[in-house]
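S.K.: Could you build all of it, start to finish, from the sequences and the hints given here?
Here is what each chain is made of, one letter per residue.
There are 2 protein chains.
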Amino acid sequence: MRRLRAEQFGLKREVEYGTPQQNETVRQIVEAVRTEGDDALLRYTEQLDRTKLDAASLRVTEAEIQAAYAKVDDTFLTAIREAAVNIRVFHEKQLRQSWVDVQPDGTMLGQLLRPLRRVGVYVPGGKAAYPSSVLMNVIPAQVAGVPEIVMVTPPSTGGKEGIDPFILVAAAEAGVKEMYRVGGAQAVAALAYGTATIPPVDKICGPGNIYVALAKRAVFGAVDIDSIAGPSEIVVLADDTANPAYVAADLLSQAEHDEMSSAILVTTSVTLADAVSAEVERQLSLLPREEIARKSIERNGAVLMAETLDEALAVINRMAPEHLEIMTDEPMSLLGRIENAGAIFVGPYSSEPVGDYWAGPNHILPTNGTARFSSPVNVDDFVKKSSLIYYSKDALLASGDKIMTLARHEGLEAHARAIEIRLEQERG
Amino acid sequence: MRRLRAEQFGLKREVEYGTPQQNETVRQIVEAVRTEGDDALLRYTEQLDRTKLDAASLRVTEAEIQAAYAKVDDTFLTAIREAAVNIRVFHEKQLRQSWVDVQPDGTMLGQLLRPLRRVGVYVPGGKAAYPSSVLMNVIPAQVAGVPEIVMVTPPSTGGKEGIDPFILVAAAEAGVKEMYRVGGAQAVAALAYGTATIPPVDKICGPGNIYVALAKRAVFGAVDIDSIAGPSEIVVLADDTANPAYVAADLLSQAEHDEMSSAILVTTSVTLADAVSAEVERQLSLLPREEIARKSIERNGAVLMAETLDEALAVINRMAPEHLEIMTDEPMSLLGRIENAGAIFVGPYSSEPVGDYWAGPNHILPTNGTARFSSPVNVDDFVKKSSLIYYSKDALLASGDKIMTLARHEGLEAHARAIEIRLEQERG
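Chains A and B, in that order, give the protein sequences. By the count of my numbering, the first sequence reaches residue 433 at its end, each step adding exactly one. By the count of my numbering, the second sequence reaches residue 433 at its end, each step adding exactly one.
Please keep in mind that the hints were generated in silico from the structure rather than gathered at the bench. Computed from a prediction, not measured in an experiment: that's the story for all the values here. There's no promise every hint is true.
Chain B stretches covered by chain A per the calculated footprint, using a threshold of three residues with CB under 8 angstroms from any CB of chain A [to be verified]: (1) 99–108; (2) 257–266; (3) 374–387.
Glycine included, C-beta positions come from ideal geometry on N, C-alpha and C.
M.R.: Written out as structure tokens, the structure is:
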């Protein structure tokens with residue numbers, strides 16, 4: 006692996022906005038579905054997904070879901086069910102209550118928290134059709150109390166006939182009752198604006214290709230969207246106490262995703278750097294996805310040498326990695342100094358796949374340095390707040406004059422008069 | 006006011022994306038500031054804001070802030086200070102703690118909550134330079150614990166010489182220590198990418214004209230942004246028990262903002278509808294901003310007649326108003342049936358200006374129907390979460406096989422091996 010001084014490490018953060026032609030294609034698709042509804046949806050499904058459907062066959066039937074269960078082995082089913090429980094338990098701990106503050110003068114102020122009414126989850130049909138991601142998108146919405154969660158996914162997965170049965174089973178296990186076989190920008194537009202067959206949603210989540218990402222951008226405002234995911238990243242902070250084979254294996258688990266993934270070791274130890282580099286080479290050669298992982302390591306992998314732990318932490322906070330593993334002598338002692346990271350894996354046994362599949366925290370994490378300001382997918386993403394304001398007559402009489410002072414200063418006389426007319430009538 | 010059947014009311018929701026030329030102008034400005042820094046910032050400030058500055062004079066000095074205090078009357082200062090206290094108290098109640106769940110097998114899972122490091126607040130220089138909005142943007146960030154809050158505002162406000170002293174005082178009272186006299190798309194770009202004089206921020210908030218809005222859209226991803234505000238809206242739900250003069254005054258307080266504002270009464274009572282319409286006409290003629298308010302009422306104002314309270318609530322939830330006032334017989338009994346609203350004002354004394362200026366809840370609210378999925382500005386907007394994952398050796402040994410099952414199903418062998426290498430070594 007290439008080795009750099011930590012302080013010299015330059016960040017490249019490019020936001021993907023698509024080519025003008027891709028944007029124009031998406032604009033046309035979205036506009037057609039918005040104005041023509043099912044007709045356009047079915048036309049693009051035939052044209053782009055090479056599947057001829059009618060409106061009645063868009064929805065996945067209960068019989069198909071049962072048939073999918075028959076194709077899924079028990080080992081998988083047991084594992085995905087236990088993972089779903091773990092994810093549900095972790096997200097239930099995030100649930101918050103509406104609250105109100107009541108004052109002696111009668112004033113009541115608070116926040117009413119409510120789930121979104123209807124959420125759409127996009128599941129891609131290509132190689133990235135991951136059952137685990139279905140759980141990670143659906144369960145937080147379900148825990149938030151969203152009454153209607155709908156899944157859309159292309160009519161066939163990865164070139165095979167029909168939708169991957171494992172995806173259908175994961176969605177059913179997560180609690181999705183409404184699934185449609187549509188994908189691409191046309192599916193996003195249908196979720197945003199609704200068609201005769203697919204009622205519109207309030208928020209669209211889930212990963213997809215560039216057309217899906219651009220369509221989500223285009224409908225944002227009409228509905229909410231989740232963040233647009235960038236390539237996956239891992240940073241491992243390790244010292245002489247770390248097991249180089251574990252560090253290397255975890256770096257490679259990120260590198261195998263795709264060539265754009267990045268896997269970076271930050272260390273103060275030359276001994277560890279040497280050992281990890283050797284292990285990466287050894288383990289790489291044994292991997293089925295060696296070619297992808299090797300390209301990722303060559304292009305985006307690095308060992309960053311820091312003089313001190315302070316310097317190591319500074320470069321990590323600057324990177325704001327999606328995943329951060331800490332394998333040092335006293336890993337918990339460093340938590341308070343990690344400002345920016347999507348998920349922090351502490352100690353030698355908290356390998357990233359523990360979080361990807363199992364432990365319960367969400368695996369959909371802020372990429373591309375956005376952990377500086379955004380968070381893993383969580384229950385709050387599916388809850389909205391309304392402010393509650395109740396003023397008694399006494400409270401208004403006590404504050405009215407000062408409210409009018411502020412309103413009149415801003416030249417908003419009608420605001421002042423809305424108070425004044427009450428003061429006049431109620432003071433008698 | 007025009008009168009419609011509630012069920013016939015059609016929503017128009019247009020998202021403002023700007024003209025191609027406006028987008029191109031903004032793209033050029035953002036790109037210039039990103040690559041040339043202060044040089045471009047000063048060049049555009051001279052060209053667009055007709056103010057020649059050098060890098061050393063960009064920052065507002067302590068002496069200027071002191072001079073601003075000398076220009077502000079005590080009545081205003083007393084009122085804005087008390088408003089700031091109310092806003093701070095309400096937002097402090099929103100503060101949340103990091104949490105961790107500790108299991109007997111050693112597993113520790115949690116969420117670490119931390120404030121963003123640096124936030125930029127944009128304050129427009131035109132007629133909408135509102136001291137109250139400075140408080141509403143700054144205080145939630147400050148309560149969240151953001152250590153660096155920076156304000157940018159055009160070098161002169163509303164055509165006058167220099168920055169409005171009331172804005173400087175409001176910012177100082179809210180706790181801003183760093184202010185720059187730059188505005189427009191160039192200020193947004195400087196905040197997003199940083200220049201030699203202005204270090205970059207993690208999030209940009211605050212309202213502005215179309216160029217500011219498009220610049221925020223353009224830099225989103227490099228930094229976080231708040232929502233793009235649409236025109237302001239009020240819906241009043243009232244019955245025979247309501248005072249028509251209060252209802253009319255509150256509708257007009259919204260209508261005076263600008264011609265795009267909308268003020269809508271929803272009622273089951275023809276008597277009230279008649280009385281409110283007459284009061285609106287009477288009060289309109291007395292307003293200094295009559296012309297604006299009248300256009301707003303004519304274009305976007307309406308009385309929606311509902312047969313039943315259920316129908317009234319259905320149309321309100323469909324509108325998802327920014328502000329909702331409830332002046333009915335038992336207003337609190339309806340709260341549980343309001344699904345979508347930015348802020349809910351309950352009873353005859355909770356006039357909207359109470360919330361705009363005084364009570365404490367934020368006055369920056371979701372517009373344009375986005376209350377279906379988004380919330381008033383609040384402390385969470387300035388806090389990010391990191392997941393914490395600690396697995397003990399025992400926990401990993403107990404779950405490792407199932408993690409590998411899920412990873413292998415998804416074709417991610419290196420993920421499985423990161424677990425397997427540990428199981429092999431630790432099982433001995």
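S.K.: The structure should be examined with respect to each hint, and the outcome stated for every one.
M.R.: Here is how each hint holds up against the structure:
no., hint, verdict
1, 99–108, "holds (count 4)"
2, 257–266, "holds (count 5)"
3, 374–387, "holds (count 9)"
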